[in-house]
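Participant: Generate the whole structure from the sequences, applying the supplied hints.
Chains as they are written, first to last, in UniProt numbering: chain A, 1 to 412; chain B, 1 to 412.
Keep in mind the hints are simulated off the structure, nothing from the lab. There could be a bad hint or two in this list.
All copies of an identical chain are treated as equivalent in the list; a pair is satisfied when it fits inside any one copy or across any two copies.
Derived pair list, reagent style SDA-like, types lysine to any residue, alpha-carbon separation capped at 25 Å [to be verified]:
hint, residue 1, residue 2
1, Lys91, Arg349
2, Lys401, Thr158
3, Lys128, Asn358
4, Lys3, Thr287
5, Lys128, Ile30
6, Lys91, Val387
7, Lys208, Asp172
8, Lys208, Glu269
9, Lys401, Gln376
10, Lys3, Lys401
11, Lys91, Gly386
12, Lys401, Ala371
13, Lys401, Ala377
14, Lys375, Glu402
Since the structure is predicted, the reported quantities are computational estimates derived from the model, not experimental observations.
There are 2 protein chains.
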Amino acid sequence: MTKISPFAPAVLPALPPIEGVKLASCEAGIRYKGRTDLLLATFDPGTTVAGVLTQSKTSSAPVEWCRTHLGHGMARALVVNSGTSNAFTGKLGEAAVKATAQGTADALGCLPADVYLASTGVIGEPLKAERITDRLAELTAACVPEGFEGAARAIMTTDTFPKLATRTAEIDGVEVTLNGIAKGAGMIAPDMATMLAFLFTDAAIEPKVLQSLLKPAAERSFNSVTVDGDTSTSDTLLLFATGTATKRGAPRIGLADDERLAGFREALEDLCLDLALQVVKDGEGLTKFAEIRVAGAESDEAAKVIAKSIANSPLVKTALAGEDPNWGRIVMAVGKAGERAERDRLSIRFGDILVAENGQVADSYREEDGADYMKQAELVISVDVGVGEGVSRVWTCDLTKEYVAINADYRS
Amino acid sequence: MTKISPFAPAVLPALPPIEGVKLASCEAGIRYKGRTDLLLATFDPGTTVAGVLTQSKTSSAPVEWCRTHLGHGMARALVVNSGTSNAFTGKLGEAAVKATAQGTADALGCLPADVYLASTGVIGEPLKAERITDRLAELTAACVPEGFEGAARAIMTTDTFPKLATRTAEIDGVEVTLNGIAKGAGMIAPDMATMLAFLFTDAAIEPKVLQSLLKPAAERSFNSVTVDGDTSTSDTLLLFATGTATKRGAPRIGLADDERLAGFREALEDLCLDLALQVVKDGEGLTKFAEIRVAGAESDEAAKVIAKSIANSPLVKTALAGEDPNWGRIVMAVGKAGERAERDRLSIRFGDILVAENGQVADSYREEDGADYMKQAELVISVDVGVGEGVSRVWTCDLTKEYVAINADYRS
Chain A
1 MTKISPFAPA VLPALPPIEG VKLASCEAGI RYKGRTDLLL ATFDPGTTVA GVLTQSKTSS
61 APVEWCRTHL GHGMARALVV NSGTSNAFTG KLGEAAVKAT AQGTADALGC LPADVYLAST
121 GVIGEPLKAE RITDRLAELT AACVPEGFEG AARAIMTTDT FPKLATRTAE IDGVEVTLNG
181 IAKGAGMIAP DMATMLAFLF TDAAIEPKVL QSLLKPAAER SFNSVTVDGD TSTSDTLLLF
241 ATGTATKRGA PRIGLADDER LAGFREALED LCLDLALQVV KDGEGLTKFA EIRVAGAESD
301 EAAKVIAKSI ANSPLVKTAL AGEDPNWGRI VMAVGKAGER AERDRLSIRF GDILVAENGQ
361 VADSYREEDG ADYMKQAELV ISVDVGVGEG VSRVWTCDLT KEYVAINADY RS
Chain B
1 MTKISPFAPA VLPALPPIEG VKLASCEAGI RYKGRTDLLL ATFDPGTTVA GVLTQSKTSS
61 APVEWCRTHL GHGMARALVV NSGTSNAFTG KLGEAAVKAT AQGTADALGC LPADVYLAST
121 GVIGEPLKAE RITDRLAELT AACVPEGFEG AARAIMTTDT FPKLATRTAE IDGVEVTLNG
181 IAKGAGMIAP DMATMLAFLF TDAAIEPKVL QSLLKPAAER SFNSVTVDGD TSTSDTLLLF
241 ATGTATKRGA PRIGLADDER LAGFREALED LCLDLALQVV KDGEGLTKFA EIRVAGAESD
301 EAAKVIAKSI ANSPLVKTAL AGEDPNWGRI VMAVGKAGER AERDRLSIRF GDILVAENGQ
361 VADSYREEDG ADYMKQAELV ISVDVGVGEG VSRVWTCDLT KEYVAINADY RS
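Facilitator: Right, dumping it as structure tokens:
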């Protein structure tokens, strides 16, 4: 039944090992049959961690666990399961989280607080922790530095392809590596729930600095994509830094404004964007991928609100599906965003084609040109709202009958 | 191609005349062929008016006209066309509005400022004012007190049935009548744009008092329904009060807190809700109609934000379409609303069936009961978020493949 996304990569990127990171996955039978559904990643002592977690007010038990423990900024393990999200599971969910962390700590000889957890899948179904804890000894023994692709596969739910990306950067002349894996956009899936992304580097960066790098990178990547505007109870982005590059002469970075971080910051943002776009490109039922660019807003934040209003509008998204250059719906979405826009200075472009300017259709615009442009699989829609200097980019996909079929015909 | 909504009334309500109101409609050929598309309503001197207009930042030229002139609170005419919305039409749009108001004023012998305007249809296409002004003399002559059904039909775009409602109330022992007509929910339609509603009464109520009655009524009715979460550039609600009931002994009401308004206020809210629900029940492609009740929120406003988050969630709406009792998606929508909710005190009901309580699935809940309930055409979903006393109700419909087909397959 599941068609592979038309935007799936022809060849998966090969991720190099990162010293201090080992991974293993297995079929734990949590909900799925005949596929891996449990990931263990272990980290050398001294690994730092930063995280960005869902803003949902009904966040899952593992999200709450991460929120509690991120404060101390040190990590020895990451355990992720697919199949159930352990969200809205009350005291049972908390107990399952504690049992998993304790079991992992026992297997590795570390503290439970050094174990980070994520779960993705059905909401409301209690997680049987023993399905995980029973396998921890085996997984610990099986951990290898080459396990990234297996890890990316084990965390999939209705994703149609595993999401992997890698980058390098220099810190003070020493090359460091950044690897990342991710899965499923937002609440895109039939009662599945989660965008998960895990990043790994051998750079040596103190927790607070790591956090200061991760948050803006997430804002311009994972927080700038949308499939259906539905925010998961379980969204989790974690960045682990083993510090093993110090063996090759890399410095340990303790200050956020250290200029030696420039290349790393850029590589991190690039890695996040790569993974975030892969997530959109696996949106359910999609046939079009669109970049929404907003300029001329009162602030960057205002620009993002407007861009998201366009990117989430069912009428804009169905127009994309129908290859309809329906710019009136873009005007509508700008208007409903609630941010300042100067109607009589508003302009719209499809790719390089000027569609509207000064608050009305452009003299040069021909409907056939717009219709031709819309036939492309990857689209860029630019809007200038004419009030200031704020800019933003957001990425989205179309809303198709296939999306409705996947989400309506499925029975939980 | 257009199927009549399954929720269309078997018999249209018969609206009685209201002294001081006359209506006429005609085929002006603005965009549609073979159907009426222009409405003129005229009012006796002394008629007061109140209005609630779209919050869109790209609102249409007629909306801007109404916003400018509502201040003085007096009305002699209403002119409405369907086919084009005269939104995002720049200076041409403003000129068309002025020409229409002037033409109407000339025909009736009143001031242009006493003429209220609304347009609904395609965005971005200039309105040819002469198509309207050429017909004003004829329409003025044709105006009759019985014209309500014809009026409701002339303002339709992709509506599948005309929306009419009537109520009576007593003011100081004298019966007054309230009539209303409405069309199309939000941005539901293929590049059409507008929810329009016009209310008429013979009560004698000063403009400021009328406004103080209309705003809360709109908040609990038109502002509490959603089809796709897309806000039109043209939403317009106007209430005209001729004051002719004074001839039968009704008082002229000049103070908002006049206790004699109690019955009128209730009838007005009831009329607005009737029309608003008719609008939802004509949502594109709908098969389910759902009332979302939120209780236990921090405030009524917070409850409404949560209710709208549920009512607009594509995943909740596709679950309704699929008759899937997918309460995990409701938890998700509560969480993403951003308002306070106590996860471990949250409860959910489908009709009378307790689905979840204390942050987890209820012991008594059986999935078969939920699935049976979802087969009904009209649904009530209740959520208590466990933090306060705030309550709200919002009405919505499902998201079907038909909705996508209507909005994607259409070419503008």
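Participant: Take the hints in turn and mark each one as holding or not.
Facilitator: Hints, one by one, checked against the model:
1. Lys91 <-> Arg349: Cα proximity of Lys91 and Arg349: across copies only (21 Å, versus 52 Å in one copy).
2. Lys401 <-> Thr158: both (17 Å within a copy, 20 Å between copies)
3. Lys128 <-> Asn358: Result: close only across copies, 20 Å inter versus 60 Å intra.
4. Lys3 <-> Thr287: within (11 Å within a copy, 27 Å between copies)
5. Lys128 <-> Ile30: within (8 Å within a copy, 64 Å between copies)
6. Lys91 <-> Val387: between (50 Å within a copy, 19 Å between copies)
7. Lys208 <-> Asp172: Close inside one copy (20 Å), not across copies (70 Å); limit 25 Å.
8. Lys208 <-> Glu269: within (17 Å within a copy, 55 Å between copies)
9. Lys401 <-> Gln376: Both, since 19 Å and 23 Å are each at most 25 Å.
10. Lys3 <-> Lys401: both (14 Å within a copy, 18 Å between copies)
11. Lys91 <-> Gly386: For Lys91 and Gly386, only the inter-copy Cα distance (17 Å) is at most 25 Å; the intra-copy one is 51 Å.
12. Lys401 <-> Ala371: So Lys401 and Ala371 pass the 25 Å test inside a copy (20 Å) and across (23 Å) alike.
13. Lys401 <-> Ala377: Both. Shortest intra-copy (17 Å) and inter-copy (21 Å) distances satisfy the 25 Å Cα cut-off.
14. Lys375 <-> Glu402: This pair counts as both: shortest intra-copy Cα distance 18 Å, inter-copy 22 Å.
The earlier numbered hints are all upheld by this structure, with none contradicted.
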